[in-house]
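> Next come the chains, spelled out residue by residue.
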Amino acid sequence: MYQLLKQIAATGILTEAPPQPDEALRVVAERLRADVLRHFAGALTIRHVDAGSCNGCELEIHMCNNPYYNLEGLGIRFVASPRHADMLLVTGPVSRHMETALKRTYEATPDPKLIVAIGDCGCTGGIFGESYASCGRVSNVIPVDVAVPGCPPTPVAIMQGILTAISAGRK
Amino acid sequence: MKLDGLNIELTQMPGAVAAYRAVVDAAQWVDTCRAIQEQGGRLVALWAADARGEGRGFIAHAALVVRSGLLVLTHPLAGASFPDVAAIFPAADRMQRAAFDLLGVAASAGDDRRKWLRHAAWPENEFPLRKDFDSRRRPHGEPSRDSNADESAAPRVTGGRIPHPSLPTSLPSEERRLEPPFSTWEKGGDEGIGAPAPPLDAYPFVRVEGEGVHEIPVGPVHAGTIEPGHFRFSVVGETLLRLEERLGYKHKGIEKRFESMTLAEGARLAGRVSGDSAVAYAWAYAMAVESATGVTPPPRALWLRGLLLERERIANHLGDLGFLGNDAALAFGLAQFLRLKEDWLRAHHALFGHRYLMDVVVPGGVARDVTPEGAVRMRSEMDEIERAVTVLKSVYDEHAGLQDRFINCGRVAPGLAARLGLIGVAGRASAQSWDLRVEYPYPPYTELEVRMSTHRNGDVAARVTVRFEEIFESLRLCRLILERIPAGGDITARIPPAAAGAFGVGWVEGWRGEVFIALETDSGDRIRRCHPHDPSWQNWPVLEHAVIGNIVPDFPLINKSFNLSYSGHDL
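Note that the protein sequences, when read in sequence, are chains A and B.
Be aware that the first sequence starts at 21, since it is given in our numbering, and climbs by one per residue.
Be aware that the second sequence starts at 1073, since it is given in our numbering, and climbs by one per residue.
Take these hints with a grain of salt, some might be off.
[What the hints assert, rightly or not] SDA-like cross-link-like pairs, simulated, lysine to any residue; straight-line CA separation at most 20 Å: (1) A/Lys26 <-> B/Lys1465; (2) A/Lys26 <-> B/Ala1472; (3) A/Lys26 <-> B/Ala1295; (4) A/Lys133 <-> B/Ala1295; (5) A/Lys26 <-> B/Asp1469; (6) B/Lys1187 <-> A/Ala29; (7) B/Lys1465 <-> A/Arg124; (8) B/Lys1203 <-> A/Tyr152; (9) A/Lys26 <-> B/Arg1411; (10) B/Lys1465 <-> A/Ala29; (11) B/Lys1465 <-> A/Tyr22; (12) A/Lys26 <-> B/Ala1403; (13) A/Lys26 <-> B/Ala1407; (14) B/Lys1465 <-> A/Met21; (15) B/Lys1465 <-> A/Ile28; (16) B/Lys1465 <-> A/Leu25; (17) A/Lys26 <-> B/Leu1402; (18) A/Lys26 <-> B/Glu1456; (19) B/Lys1465 <-> A/Gly32.
[To be verified] A short list of chain B residues far from chain A (calculated; beta carbon distances all over 12 Å): (20) Ala1193; (21) Asp1206; (22) Lys1328; (23) Glu1414.
Read the hints as simulated data drawn from the structure, not as lab findings.
A virtual CB, placed ideally from N, CA and C, is assigned to each residue, including glycine.
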């Protein structure tokens, strides 16, 4: 236990004092906090749906919650059920085998809801395109509010995508 | 030539790995598999191809490990069936079922004839990897939503609305209309959104019956940021009696896509078969192209590939160790390890231009070189990471709550692991001492003397320990590479035009396990057939055994300790 506490103390609070300060991130974080406060009473809940990605985008969504970006610290939480979610974060070209599951997840998310498509595949179908097995971009299957390009998009880009969606503030 | 007491005629294949090839008939197919199994060898991959265009009919291929290296068996088929080898290599079962789903080539007398990769997206009597299957057609007679074909490829944001495509009137009404609750998606609309989804898929799960047994269906959409798949648990109280996996949800037609690409274009797709293993796949693909075209990359490029692969291994192990701590309720572990991983990824971005090293390994060499300043930065960061991981290892080792969850959880005994063919990190934690970098080294590993990490207990704790040890070993290898890498010179060799019908293989020890790629060229530098194989094919079935007798809440922990790829498996 001593070593654990010592490691915590030695690590410090990275979110506010990153070893490589990133001014772009600071702007994103502050605007996110303000918008979450204004539109979502300080708490935005996200349900992530992987609809057929290569799993690269999942790695970067994971990294949004590392101490540098600390998405949860801004009041934005990933939840286990679409019924608890304000926003769906959808990755991948939508595989035909995930099409029904994605539509059902969309349907299970209460209105009003926001849909953010993540990654080049979510935006355009990416390198996998459309085929017998792939529906291509997310907006071919469910309505999309914001599409974030990148292969995979960085955590900052993902956070900017979330910010863009909530600052548009669908009623 | 003959080899290892096998009674078949072999030819050696060009390329970085010791690989041999033999054309066999049905009897030799089975006999060779059995002889190799008895010698302690194992199955790497099994796939099929459509060579009717070259007047040869269908072909079954199997890649096996023999003492001298990799052996690729090629079995031209008279009809559309080949002998079942699942009784010899249990891992062959799902590969044979996938071969049927994609090519209509069946293992004769196989016990398990259920579909595997096919759900409802294409009909039972159609086979996507046959050359006469049009990959762009919409099965089930649906209208095309191919917006890439006639619009710009820019992201399309619909502002919360999606246009209804006009639906063909020839379809029966139950197919034109989505079943409730889909029909209530848009207020005032009664046709649902977009085109109809494929009909729901039915799959005959094995049922467990008896007093108090019930089923818990989980997925395909899971309760965390992970990939989709379906798990059917049969439980009594909290105890797991049986797990049955249903995968294939992410099948997005990767193999068919390869066949529309040139050899150069394929490299980008190979790096995206499983995004967490971008280097391993890109290297295996490059190796296959180089083997098919007889190219040897410059020595510096090979050493750089080694550096990239070890960095990818460290990045993934750091993330896994964090999530394993988190799944046992030690959020401290997640924060600490993801901090280290973020530092590591930022260095990737600064030094190689991509946080996950995608598109850095290319056929013929590598796309980015390391500068002397980059090497200095890497060395100092490695020292820091090593210090931090050493501290975290002792925190994990001494944390009673964590060890209580890890030890004896999800155990795969060495005997079972050997029988089922468990490989990679999970295999080494169950005493399966397979590591290509050690057993069948290819440059630069021929000069590095990798120290393999193995344990016998086969539980979550052992899989955690192997990851810790592999981080330290990979750090040592990265330092050695930076020390000994040949200075200067080219980092890419030109790939000459390939002859049609050339065959090459790539075989790389990725962070999860061995990644294998088989490649056949077509005229005009195009890909005739490319089969990427993820180690998850071998390890997914073993997970079903690992969970037996454990409690339901330990499943996420056990699953994470394997951390298998869905995308790499579903293709």
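> If a hint holds in the structure, say so; if it does not, say that too.
Structure-based check of all given hints:
| no. | hint | result |
| --- | --- | --- |
| 1 | A/Lys26 <-> B/Lys1465 | holds, 14 Å |
| 2 | A/Lys26 <-> B/Ala1472 | holds, 17 Å |
| 3 | A/Lys26 <-> B/Ala1295 | violated, 33 Å |
| 4 | A/Lys133 <-> B/Ala1295 | holds, 18 Å |
| 5 | A/Lys26 <-> B/Asp1469 | holds, 16 Å |
| 6 | B/Lys1187 <-> A/Ala29 | violated, 54 Å |
| 7 | B/Lys1465 <-> A/Arg124 | violated, 42 Å |
| 8 | B/Lys1203 <-> A/Tyr152 | holds, 14 Å |
| 9 | A/Lys26 <-> B/Arg1411 | holds, 16 Å |
| 10 | B/Lys1465 <-> A/Ala29 | holds, 17 Å |
| 11 | B/Lys1465 <-> A/Tyr22 | holds, 14 Å |
| 12 | A/Lys26 <-> B/Ala1403 | holds, 16 Å |
| 13 | A/Lys26 <-> B/Ala1407 | holds, 15 Å |
| 14 | B/Lys1465 <-> A/Met21 | holds, 13 Å |
| 15 | B/Lys1465 <-> A/Ile28 | holds, 14 Å |
| 16 | B/Lys1465 <-> A/Leu25 | holds, 14 Å |
| 17 | A/Lys26 <-> B/Leu1402 | holds, 15 Å |
| 18 | A/Lys26 <-> B/Glu1456 | holds, 16 Å |
| 19 | B/Lys1465 <-> A/Gly32 | holds, 19 Å |
| 20 | Ala1193 | violated, 4 Å |
| 21 | Asp1206 | violated, 8 Å |
| 22 | Lys1328 | violated, 6 Å |
| 23 | Glu1414 | violated, 5 Å |
Hint compliance for this structure: hints 3, 6, 7, 20, 21, 22 and 23 are not met, and every other hint is.
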